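Peer 1: Residue numbers (my numbering), protein chains in the order written: chain A, 1 to 604; chain B, 1 to 604.
Treat the hints with care, as some may be off.
[What the hints assert, rightly or not] Listed next, the in silico SDA-like pairs over lysine to any residue satisfying Cα-Cα at most 20 Å (straight line):
hint: 1; chain 1: B; residue 1: K97; chain 2: A; residue 2: I143
hint: 2; chain 1: B; residue 1: K269; chain 2: B; residue 2: D327
hint: 3; chain 1: B; residue 1: K172; chain 2: A; residue 2: L289
hint: 4; chain 1: A; residue 1: K97; chain 2: B; residue 2: K269
hint: 5; chain 1: A; residue 1: K97; chain 2: B; residue 2: R99
hint: 6; chain 1: B; residue 1: K433; chain 2: B; residue 2: T415
hint: 7; chain 1: A; residue 1: K97; chain 2: B; residue 2: K279
hint: 8; chain 1: A; residue 1: K573; chain 2: A; residue 2: F544
hint: 9; chain 1: A; residue 1: K97; chain 2: B; residue 2: R140
hint: 10; chain 1: B; residue 1: K269; chain 2: B; residue 2: P259
hint: 11; chain 1: B; residue 1: K97; chain 2: A; residue 2: G90
hint: 12; chain 1: A; residue 1: K269; chain 2: A; residue 2: P359
hint: 13; chain 1: A; residue 1: K526; chain 2: B; residue 2: G65
hint: 14; chain 1: A; residue 1: K97; chain 2: B; residue 2: K433
hint: 15; chain 1: A; residue 1: K81; chain 2: B; residue 2: K578
hint: 16; chain 1: B; residue 1: K446; chain 2: B; residue 2: G84
hint: 17; chain 1: A; residue 1: K97; chain 2: B; residue 2: D62
hint: 18; chain 1: A; residue 1: K183; chain 2: A; residue 2: D167
hint: 19; chain 1: A; residue 1: K526; chain 2: B; residue 2: Y430
hint: 20; chain 1: B; residue 1: K578; chain 2: B; residue 2: L549
hint: 21; chain 1: B; residue 1: K81; chain 2: B; residue 2: T415
hint: 22; chain 1: A; residue 1: K573; chain 2: A; residue 2: G444
hint: 23; chain 1: B; residue 1: K97; chain 2: A; residue 2: A92
Hint data in this document are derived by calculation from the structure and do not stem from the laboratory.
All values reported here derive from a predicted model rather than from experimental measurement.
Number of protein chains: 2
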Amino acid sequence: MNYSSTFIPTLREVPADAVIASHRLMFRAGMIRKLANGLFAYLPLGLRAFRKVEQIVREEMDAIGALEMRPPVVQPGEVWKESGRWDAMGEAMLRVKNRLENDFVITPTAEEAFTAIVRDELSSYRQLPLSLYQINTKYRDEIRPRYGVMRGREFVMKDAYSWHCDDESLDKTYQAMGRAYRKIFKRCGLSVIPVKADSGAMGGSGSEEFMVESEIGDNTLILCKKCDNAANVEKAGCAPDFTARSPEEAVSAAANTPPFEKVDTPNVKTIDELCAFLKSTSANFIKTLIYRAVNVELDLSNAPGCTNLEPKNQIPEAFFAVTIRGDLDVNEVKLAALVKAAEVELAGDRDVLRLTNAPVGFAGPVGLNSLPIIVDHSVTGMNDGVTGALAKDLHYRHVAYGRDFTGWMTGDIRTVKAGDVCPLCGGELYEKKGNELGHIFKLGYKYTRSMQVSYLDENGKSQIPTMGSYGIGVDRTLASVIEEHHDEAGIIWPVSVAPYHVIIVPIKYEGEVKTASDRLAAGFEKAGIEVLLDDRSERPGVKFNDADLTGIPWRVVVGDKGLSLPQPQVEIKHRRDKDNRMVELDRAVEDVTSKIREELDIYA
Amino acid sequence: MNYSSTFIPTLREVPADAVIASHRLMFRAGMIRKLANGLFAYLPLGLRAFRKVEQIVREEMDAIGALEMRPPVVQPGEVWKESGRWDAMGEAMLRVKNRLENDFVITPTAEEAFTAIVRDELSSYRQLPLSLYQINTKYRDEIRPRYGVMRGREFVMKDAYSWHCDDESLDKTYQAMGRAYRKIFKRCGLSVIPVKADSGAMGGSGSEEFMVESEIGDNTLILCKKCDNAANVEKAGCAPDFTARSPEEAVSAAANTPPFEKVDTPNVKTIDELCAFLKSTSANFIKTLIYRAVNVELDLSNAPGCTNLEPKNQIPEAFFAVTIRGDLDVNEVKLAALVKAAEVELAGDRDVLRLTNAPVGFAGPVGLNSLPIIVDHSVTGMNDGVTGALAKDLHYRHVAYGRDFTGWMTGDIRTVKAGDVCPLCGGELYEKKGNELGHIFKLGYKYTRSMQVSYLDENGKSQIPTMGSYGIGVDRTLASVIEEHHDEAGIIWPVSVAPYHVIIVPIKYEGEVKTASDRLAAGFEKAGIEVLLDDRSERPGVKFNDADLTGIPWRVVVGDKGLSLPQPQVEIKHRRDKDNRMVELDRAVEDVTSKIREELDIYA
């Protein structure tokens, strides 16, 4: 392809809103343009690189037997109502009514569509397992789209779904997907951090996220300095820095603690003020927070204050008192998982007053029986703590877990932070920001049950299949490649996803130089190498800058000087190298082609 | 690929709403499923065929230097407002507001998006000509989607756009696109009818539609029995079956016509009743119809009754009296083009009364000066006609064009019909229903002007580029292939778009037969042939039926009987043939592969 016949509008300026390297460079290299906030057009150069990533994803999906299909992008609201997500999805799902007033969704994900299709075709266990995928347009109505295609509104996702007779079969596909994902990211030249969520029992609610480090990442990762433990802070655990005790053990541990007593704490509002007032540290406080939980699936029939909640199987609104050591924070994702709630949030002032008989700041577990108390493990180690006393300006001290209160449930709901101890090896944990590129997830029966999918097993009995879902953001993967592979001058493509393998730069595209350049281009094309010939009448400096900016791995410079040598030569340079070397004109195609093939093998 | 590892849910039953062959067969062959009215999912087999068509389109676009890019599917309403089509597009364009109340469009076509992008990048004449295209999802909110993917709501279209310095350059790209389209349809095995619209001056508003014959087509085509003249009835012309005359010539032609006179025609309402009453035929009537025209760009400043119309350059509403020979019909598309109106429709009763002083049915050109009269060419040949007399129950007879009235404008606004005479060769014209698969169109300055696109010419002067647009419906092309290539038993794929080239059918997939089948499959794969191996434990009859239904071009049957011959043999049959032939097992791959390659060459 001749440069003058394509459309690569490179820019010297950086758009004001482009704060990360991939956004800046995709604009400057003429890969993308913005049509509206969060809506981008891939220009020809960008689309070439995009297609490479897409094709790698496709090949690895095909390799594990997943079957590509394609549902529509505009999907009927009906299937989302069946699964219950029409209400659950929130405003990020773009909904539209057509001229007949029917509800539609510009699909953000496709569990429902795939499940609806499989439901109609599935009859026998012999059809399972079944893995289907698409690589297709998605839309998420981000309020603040940012960072170019890294967080756009419209994007392309590879989403796969699988259906199985049993957990073992699901796990097999889940593992194969995990291996395929590792392969995909390796082929793209990406260093990903696989982050395992709570593994649970085999076939349970396993999930794994594939993260790349990013200063602007949505996720906080907890990593270990010593081992390869990696977790999303939302689910990260750590080794306890306390002695966890059962209520009975706690009673003995409190043998020397004086009985708890009231302390007047007038005008003391924050934990810090309380510490100063009582000459204590926050680690000595039993912090008590009142949480409101939505759509709770936990059985609360025997929980204090909950006997009247309806319906029994999913309670729309329930309140919990949550106790945790004063120097720690509650991880709301872990809390929500513990009480099987769709969401949890701090209760409003009025609910706190109603439930604790005291304003915010004076809740405490002693004598609190208007709602269930959740005790973080850290509190089970506390035998001489300070808590609110359920009355304004009043606290208790010498409070001991087990002796003075127990709680309805205990669990790990602490937010792990840098400096905590690795639960696997005892090493020190640290934090990193990360962006999620992929996610594999054992869904279980969520969709197959709500959407009434069934098949007949070997005994002719009707069964519900279990299900997995597996996603990769294609745009985000492409942008992450640039984040990991660039320098001041531009992109440095791994050859596996480079829009072209070679760029030929004639110093001046005329006479001998033109003839030699054309011959080289034809030679590369014949060898199956993707070559761009910069035939523009620009100064060499402009051409070199554009070659660096667009990041094409191999550059071949053709000039009068080299050609006039007794054995005519051209200059060869890899984008990541500083130095170039001269190669005989007649051997240049063979030389570079073999290097490209070697490099492609590394990424294969 | 083994049949049991893929997902081809074939059906014996036909969905009730599937009335055309492609719809029926795509369902039955497990190529598509319906998710909602007009919204289809391509299953793996369907997607494979779809991709073949898509790839043929892509190759032919690339071959003429068009550059693929990809704007988003959800596009900002803003650019549609700039071009003026936000209002013009009507309800078939699906509009949506996001959570921030911004307007978006699920794009039905992309003149605006491409033009907006090019506008920002275009500076110099040296960047032109430029041709860009996408193959991407489109949405049209059809009220009654029908016929499967032939007229769905969501579909994939290849749409290309080009920008040029001058008409000559536009024409060159337009011609290249036309050639590429012919190639694309040939490669898909489709017989298309290229339908030229009014060619106009070079660089004028040329357009060409690529039609396939279809009983359920949206378009009526006028074709010649003798030559290859083909036109959309909307624009078709025919040779005159009358003597066209200037007003002066008409006056002499009417030399022997008595002066016109009133005839009482009480209670006579239709032309038929009038014919009976006057003992005449409809060809003797000068039919006069009052039309309302919207957004008229024709200069009406000197037209009767129009002097007060504002604004001068585009009149929102104007009325015309249209005269035509009584046995002919007015073609409203041709009429709208003649008066440069966005749309024309018959005027309402009240407007007819106001403008003619008579109820509907008694309009006539004699003495009518409240509005401009448009005279179809056919009327210029009439020197003794009957017309309404602008009063209830009253007609004139012996009316002669030129002598008794002239009209403000004459033109060809007649609807051509079967039996009319070909304007090119004098042959007889006939009608066919057709579906449009592609359309190439010289847009001119419509978008570049309204969206203010400009570039600097060689002299540094700002100029507006001219533009073309070129579309192909990919789904509809695929469905049309099936319409043209099927029989009672199923699809008969042209090898160029077949989802697989070969299907191997073992009579019973075990023992020797299994070994031989596996070896054949491996052999085909090694030769680069796409092969499906029916490894299911179904009866041979079921497998043969599915092979016929899915239409895979070559079938290789492997059975004990053939394998037990001294020279083991398998049975080979092409889907379109009745008879099969035995081929030595060892030569089967080579034999079929060479046949496939020959066939592929035919379609290349």
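Peer 1: Could you tell me which of the hints above the structure violates, numbers in ascending order?
Peer 2: Structure breaks hints 3, 4, 7, 10, 14, 15, 17, 18, 19, 21 and 22.
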